[in-house]
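Protein chains in written order, with our numbering: chain X, 1 to 112; chain L, 1001 to 1111.
I should point out that these hints are in silico values taken from the structure, not numbers from a laboratory.
Values in this document were obtained by computation on a predicted structure and should not be read as measured data.
Watch out, some of these pointers could steer you wrong.
[Unchecked claim] Heads up, incomplete: computed chain L residues facing chain X, CB under 10 Å, no partners named:
#, residue
1, C1092
2, T1095
3, F1102
Glycine residues also receive a C-beta, built at the ideal position from the N, C-alpha and C atoms.
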Amino acid sequence: DQQVKQNSPSLSVQEGRISILNCDYTNSMFDYFLWYKKYPAEGPTFLISISSIKDKNEDGRFTVFLNKSAKHLSLHIVPSQPGDSAVYFCAAYDGNNRKLIWGLGTSLAVNP
Amino acid sequence: EPEVTQTPSHQVTQMGQEVILRCVPISNHLYFYWYRQILGQKVEFLVSFYNNEISEKSEIFDDQFSVERPDGSNFTLKIRSTKLEDSAMYFCASTRDSHQYFGPGTRLTVT
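Pulled out of the complex, with its shape left as it was, chain X reads as follows:
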């Protein structure tokens, strides 16, 4: 039973365009949602997060939107760059257990 779902295993975008990565969750009690970026053979690196009490958080080219009623969040990257090509993991933070619940990841390819 997946509590955090990333339904698109891959996404391909042209350089300069917007990349939109989606994530759905089932548990309304999650405190934070985080996006991690992962290159092959490296550990995940933190990208951006959003508190469950917010609906938007922006950091440079990266913006995360949270729709609590739909239990949905999305990561927007604009403009997309070839260096953004990586696997992006959505994770939800369970504050009671101090645990991250991970999605399966979406592989983003930004084509020059």
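Chain L: place on chain X using the hints.
Okay, now just chain L, sitting in the frame of chain X:
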């Protein structure tokens, strides 16, 4: 910027052997984690550690696995008798809050 380090970067071992994967978390962090990622699959939670004891473990973390923080800086994952299916990338993470910092991983290959 402080970072989590892991050694070795790659460990090759024979089935049935014991391995110890080492991690040095960020010094003022309080919570420590091990995750693994089998090639092509999702990142899986193994265990969390706080105040010198396991706070939670997944069903993957059976009796073959153990964790230790022997000296206040290192955080180790031991697999007593490795199996072929233990081959994966193992990531250590540490945190003071919700944001976990990950190490670069150790690639474990069991032959």
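Of the numbered hints stated earlier in the document, which are not met by this structure?
none
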